[in-house]
Structure formats: C-alpha cells, structure tokens
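**Q** Each chain is listed here by its residues.
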Amino acid sequence: MALRRQIRVGSQWMYADEAHKALREALRVMEDEKLADAHGGHHLPWIRRYVFSTDHKWIGIQYGVTALLFLLLGFCLMILMRLQLGWPGQAFSIMKVLGESRAPGGVLLPEAYNQLGAMHGTIMIFLGIVPLAVGAFGNYLVPLQIGAPDMAFPKLNMASYWCYFPGGLLMLASFLAPGGTAQSGWTSYPPLSVIASQGQTWWLVGMVFLITSSLLGSVNFIVTIIQLRAKGLSYMRFPFFVHAQFVTSFLLLLAFPPLEAAAVLQLMDRVAGTSFFLPSGLVVSGQALANAGGGNPLLWQHLFWFLAHPEVYVLILPAMGIVAEIIANNTRKPLWGYKSMVFATVFLGFMSFVVWAHHMFLTGMGTTISAFFQTTTMIISIPSVIILSSLFISLWGGAIRFNTPMMFALAFLPMFGIGGLTGLPLGLAATDIHLHDTYYVIGHFHYVVAPGTIFAMFAGIYYWFPKATGRKLNEFWGKVHFWISFVCINGIFFPMFAQGLAGVSRRLYDGGMQYAHAKQIASQTNPFMSICAIGLLAAQVPFIFNFFSNAIAAALGRRDEGLGSNPWQATTMEWAATTSPPLAHGNFEVLPVVYRGPYEYSVPGETAEFIPQHTPVTEPAPRGGALLPATAVAMREN
Amino acid sequence: MDAHAHASVGHAELEIPYNVHPRPDTGLYNGKLGVWLFLASEVMLFGALFSSLILLRTGAESWPRGYEFLNVKLATFNTFILILSSVTVVMAWSHLRLGNLKKGRVYISATVLCALIFLTAKGFEYSHEFQEGRFPKTNNFLAIYFTMTGLHGLHILGGVIVFLYFLGPGAKMWAKEPERYTNRIEIVGLYWHFVDLVWIFLFPILYLM
Amino acid sequence: MTDPAAAVEPGVDIHEHAGIGDPNAHHHSPEQIRREMKVYLAVFAGLAVLTALTVGACYGLNLPVHQAIIVALIIASVKGFLVAGFFMHLLSEKKVIYGILILTVIFFIFLMALPISHHANPFGS
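Chains as they are written, first to last, in the working numbering: chain A, 2 to 639; chain B, 12 to 220; chain C, 2 to 126.
Bear in mind the hints are in silico, worked out from the structure with no lab data behind them.
None of the values given here were measured: they were computed from a predicted structure.
Heads up, a few of these hints could be off.
What the hints assert, rightly or not - Result set (DSBU-like, lysine-lysine): computed pairs, CA atoms no more than 30 Å apart in a straight line: (1) Lys84(B) to Lys22(A); (2) Lys96(C) to Lys340(A); (3) Lys39(C) to Lys156(A); (4) Lys84(B) to Lys133(B); (5) Lys84(B) to Lys183(B); (6) Lys156(A) to Lys84(B); (7) Lys148(B) to Lys96(C).
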C-alpha cells in the first residue's frame, strides 16, 4: 500500500498533495493582493486597524492595556485608603490630589474614604480583573488555542470593547459628580445607595455599559469555542484554559442579566422616585421620605448576589486556566487529573448559581433556607479542591523550570489555598455570625483575588508576552517583581484574618480605632499593613518599566531575534500561529488540524521531548528515518 | 477540503467558517447559536424582573388587580397585534427561503407596522395613566408595570430599528449573498418571537391578575 | 494503515437531528416550506383563540385572584409553547440549543425560587 508522501512545511508535517493545494491557494492570494495593491491597496486605515479593530489579538491587547491601567488606578485608590487606615486622621500631601472637598488640608474625610472604598472594589473587579482575565487573555488566546482564524463575530468583539471603555470612563467621571462618586460599597445596597448623591446614578449607568460589554463578549466566546474549533479538536482535547473560559462565559451570560435588571430598578428608584427597594416609613436625617414605600431592600441583595457570586468564579476560573497552562509547560508533563479538572470546572460553574445567599446569612433568613445555602456552599468547595489538588499533584515528578511565569503560577497555589480555606468559616452560618462584614472577609476574598488571580494574571503576562510581541520580559526584574510582591502582599492581607477574628469591622474609615475592642489590634497591625502596601506599589515599578519598555521596543520593530516562535517549547496551538506583530489577520496560513491532546510533554516511547497538538500522528516515521528532535519539529523559522 | 480550511490571509474581510452554512456536527450556523445564547440571557433578564414582581407582590399588604388601573381592551388589542407581527415575520422568512425578496419585504414591513401600532397604543396607555395622576412612583404595582412594559417597549423599538435596517441599507446583502440575508432575517425573527413571548406572559400577569 | 487525517475529522457527514425536521437544511423543498406556512397560520389562529380565552376568563368572568393566576399562567404557557415550538421552530432544533435552554430553564427556576424562599421561611419560624 503506497504511503501518502509527507513534506515539512514550516513547523508542520503536511501531506504533499495538501501542501500543493495550499501552495496554489497561497499563490492565488498573492495574485489577489498584487491586484488589490495595484488598485490602491486594501490595507485598512489607521483608525480601523488600531482603534476600531476587529482582530481579536489587537482587541485583546486593547483590553489588556486598558485593564492594567485601571488596575493601577484602583491600586492607587487603595494606597490612599491604606494611608488613612495606617495613620488615621493624619494629613498627607498626596491626599490633596482628591481636592479640598474630599481631603481638606490633606486629611481624608470619612465620606471620601467611602468613595475610595466603593470605587476601589468596582474598578478592580469590573474594570480591571474581568476585562483582563476574559477580555484580554480570553480574546487573545482562545481563537489561537482552538485553531480558529478569529472570533465568531469580530465586529461584535469590537463592540464589546467599545462598550467597556466608555463604561469605564463614565465610572471615572463619576468622581466629578456633585457630592462625589458612589459611596455605598461596590455592593451598592439600598436604601443607602438610593438616597446617595448623583455619582451613584452615574455608577449605575456605567454598570449597564459594563454588563452589556460582558454579555456581548460571552456570546462571542461560546459560539467561537463550539463552532470554530479546529478539525480534530474534541472537547476533551481543549487546553484547560479554554475549558475555563468556556464555563466563565456561561457564568457571564446567565448571571449578569439579573444585576442588569436590579440596576434598572435602582435607577428607577433614584430617578423616577419608585420604591422597589425602599421600605415604608423610611426616615432620613429626621425627615420621612416622601415615597410610596412597600419596597424591599433585601430584593436588591438577592438580585445583586445572584450575579455577584458567579462573578467571583468569573474572577478565578481564567486564573486557574492560566496557571494550569504554565504548570503543564514548566513541569514538562501533562496535567494530572485533566478530566476531573474539566468536570470539576463545569460542576463549579453550575453550583455557583445556588450559593448566593451565603452573603446574606445575617439578613434574618430562616433556618431552612440558611441550611440550604450552607449545604450548597460546602458542596461547591469540592470542585475547587479538586482543581487545586490536581494542580499541586501535577508538580510531582516534573522537571520544573523556575522562570518568572512559573514562580507566579506556583505562588498562586498556596495563596488560593489560603483564600479558599478561609472561605469555609464564612460559608457556615454559625461562624459567619461572628465574621460577617469584618476584615476576615476582606482578607479571604483578597487572598483569592490578589495573590490569587492577579498573580495568575502576572504569570500569564510574563508567559504570553513573547507571543504578542516577539520579546521576552526581563527575567531578573521579573523575579524582583515577584519576590517583593509576594512578601508584601502577604504582609497586607494575612493580618486581616487576625483583625477580623478580633472583631474589626470592614468599611470603617479609621480602621477600627473608634471601637475599644478593635483599637489594640488595629493600631498594632494597620501601620504595618500600610507599609507593606506601599512596598507592593514599589514592587510594581520594575514590572511597569519592564512591560512598557519591552512593549515599546517591540512596537518599534525590535524583536528578539534568537527567541523563535515557541520560546517556552509549548504544545498548545497559539505558539504555532504567526508571531505577532505584525498582527497576522487570520492567525494561521492554513487552519491547523488537531491530532493529539494538549499536553504531550515527555510522552513515553516518543523521541521528541514535546509534541505540539497539531502534529500529525505518523507511522512509520516520516521520510528521513528517526523522528527529528523536538526543537526541530516545533521551532518555526520566521 | 472544505472552503473553510483556508483562512484568507491578508484580505480585509476575514472569512469566518460556518457563518452561513452550518457546521456538520452541531448542525448550526454561528448566528443561530449566537442569538439563542443572547435570548438565554434575556430570559434571565426578564426572569429577574418577574421574580422581583413576585417578591414585591407576595410581600405587599395590598396589591391592586391590573384592570383597576389599566386599559385591558387596548392591551388585548395590542396582544393580537404583536402575535400578528410574529406571524408576519415568520412568513417573511419563509418567502425569503423561497427566493422571493419582494414578498419578504412586504411581510417585514407588515411586522414593522404592527410594532409601530403596538408602540403607539402603548403611548396612549401611558399618557392616559399620567393624566389620571398615576406614575411609577405612585405605588409598587405601577412601578413594576411601567418598568417592565417600558423595558419591553425598548426591546420592540430595538427590533424595529433592526428591521428597518434590513429593509433599507441591509437589503443590499440579498443581491450578493441571499442565503446570508435570509439567515439574518431568521435571527431577527427569533429575537422578535422572544419579545412576543415575553408579552404573552407579561400581559396576563400585569393586566388580568 | 488508515489515513490519520480522516480518522480525526469528527462528523464530516453526520447531521445530528434532535427533532422532527431540520430547519437548518438549506435544501428544504418549496412544498415543505409552503406546508410550514400553513402551520404558522394555524398556530396564529390558536394563539388568537387562547388570548380571547384568557381575557374572557380572568377579566370577563372576573375570576378570583388565585384562580386567575393559575388559569392565566396555564394558558400563557400553552401560547408560549406554540410560539417557541413552531414560530421559533424549537420542536426541530439541534441538541446544542436544547442543552443551552435546559440550562437556562434550570437557572430561571432558581431565580423564581428566590422570592418564594425569601417569604416562605422568615427568621424565627
């Protein structure tokens, strides 16, 4: 039986007849281009290429840079808060940037502290992490990892960025509203939020923009993953990152609308004078409110948390996806328990819809409902444990490479562990009575999101930066960034558990100093935590320099010539695509076909140290005898 | 090798696979899946409002029956009009599948007409309520009534705008890609049926209970 | 030796049907389409009748609130089924769509259970 001839084209082995077809197609394209160029060219004008781009890679970069800037802003707001918490009532010249009305003489007013608090949370979650994790990493990588030319709806993708960005600007503009911005927490509980000043309305409208952006994006992701995956890419061959983004998109799709509805209702309460959330007989500053009453503040809490609980899984799942990719790559072995991880992720997504009222244990709910939500909350910890344990066990027996992305990914594991474990006493009503609305909660969720998700984001940036720019970030400064951040971030958040257990409430502008039971621990820990916060800010400086200097160098065309297109020797398909920049429209000259699982590292019996997913399974060996070494198979000449 | 196996590198308009013809294993083209996902999110949006209505009503000391305040006859007429518009849009799609653009446009125009009649009737309803001194802030029943019918009305308006686009500049697509145009009408039609579906529940819940 | 490329191409010729027809088939015959159009008109008639029935029962006959709720919701569900099943051709849709909608219905039920659970079990009960 005659063998079909195979030749090597770039990084891929192709059947010769298919290669011939591809070559004919390439020649046809070049002819088209020549003709088009002769007719004045079809290259897009600058505004359609860089502002209103429909290329998922560029949109991903737009999301990424915008989100990182918002994260920095949210962090700076927190620094101002920590100055106040560490040294309550003291004047700081930097506070003057908030203006005289908020910080007369450089002393932060309590109302201003509340504004910073509400906006810190909002900006970090909705303008920072979700756009970075989903909009940036998801947009950039998912089509590449599934072998697609772009997202299913490129124009919709562009629309979702251009819904996010104005929404973000509107949120920032709310600082300029008379009376200041939203100051009822990121949770925006009525009646306080309904009677609050104008900035709250802008906040609500901004939220509508952001929710719309997320909805458009989630539709795009789901259709892309189901419809545009390459030939041979069955669901159980997805890189884990794609599974994580898939489930995340369903959470965004189905959980956000109730918050949108709630935002509309709160807007009606504020603007049209309705009483959806205002009970009868409400008295504010000695005056009875002239509204109809009959509303229910708990209705807002139910609708809000119906979204906000799935939202926290939106914050963590992409991070787990990133960490999984980096761990597999830097241990040079497949993920342990891939199948369990996938099913755990799906189960986690489903369960996330039925735990929301564990945020409401202290609202006067009956014992039956409370028991229901405690049970579901305990159950939902199981898939998290499965995923975390699988990632830990994946390290066993690995040939670990301790590069910067791997350092951040490794740190994620115990940090998320601490965050997850501290969630348990919060999920049980008996202990939650003591810990609800204390610093324990703040410590818990910051551990999951800050040394958890944000570290995973950093890991992803260091890991995929060469993909996007053709340059690696500086390893030395990367490690400096990592170590100082790691130490300082624990310094900020670990004492919060002690504070919470001692009874220090959250959202207190003086950090607890006004309460006798809290005073001692607050004065002992708050200054230390604030110093660590400043240290954490300082640790970001090398990262900012590293990031922007390399990004600008790449934009000026200075690529790292020795890097190659697969500097981490990875198996997933994003490394097989044309190196950016230039941003290759359509990603792959020929759409890949998938023959293998996502993590064929150190496969027993194979000579190659790693085998990319799209490498054909050939037997016998291709012409030339023994299989070529991995570097030759996987490295592409640019 | 299917047409989709080659990405058009360097062309301004990127060719996305399965935009018009369905993917074999799912049996769907991209837009169809996309619109159903969008409708799923809309189910959750209106569901949250229905849920709020139930919570407020079951917790209220008193709650009026809809027809104490509202014009049931006008709303019944509106219900017939909206159901009629659902029929016209599905007829439009059928005629487009038969290759008849002219009849398709007639039925799409009929759909738009029905929608505008609905909105006009709604306008009369609202102004009558305002004249009688009944505003959203008057009580929670009226608050939820105005909010839900208002949001529903905005959805109708959105549909009208899209239909007008496909009657106007969007119709150019028929000349080059009739199948893609027909798919687009199918997709808007699905959205339109959903808007009708919401009204089918909204009407009795607000007006008759 | 099998052609490895062919072995990994999933479902090239498989059309997964999840119902009585295939609305995505672009080779529907004109007769089939005309038959569907007649079905649409029949559904319209049914919807009109059911609307008149709802109004007649709840408003015309002035049923008490509890009965009105049950009757109206049952009739609305039937109308909804007709619109979804025939106009939106859900009765002949693909499995993927069914899966998404079932998931949505489950979460919708959670959302509806929210107010009921809220009132059913107040603190102290």
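**Q** State for each hint whether it applies.
**A** Taking the hints in turn, this is what the structure says about them:
Proposed proximity of Lys84(B) and Lys22(A) is contradicted: the alpha carbons are some 67 Å apart, above 30 Å. Proximity of Lys96(C) to Lys340(A) is assessed by CA-CA distance (about 23 Å); at most 30 Å being required, the pair is judged to hold. The hinted pair formed by Lys39(C) and Lys156(A) fails the criterion: a straight-line CA distance of about 37 Å is larger than 30 Å. A threshold of 30 Å between alpha carbons decides the hint, and for Lys84(B) with Lys133(B) the separation of about 12 Å falls inside it, so the pair holds.
With a CA separation close to 41 Å, the supplied pair Lys84(B) and Lys183(B) exceeds the 30 Å bound. Taking the CA atoms of Lys156(A) and Lys84(B), the gap is near 43 Å; set against the 30 Å cutoff, the hint is violated. Taking the CA atoms of Lys148(B) and Lys96(C), the gap is near 45 Å; set against the 30 Å cutoff, the hint is violated.
The structure is inconsistent with the numbered hints 1, 3, 5, 6 and 7, although it conforms to all the rest.
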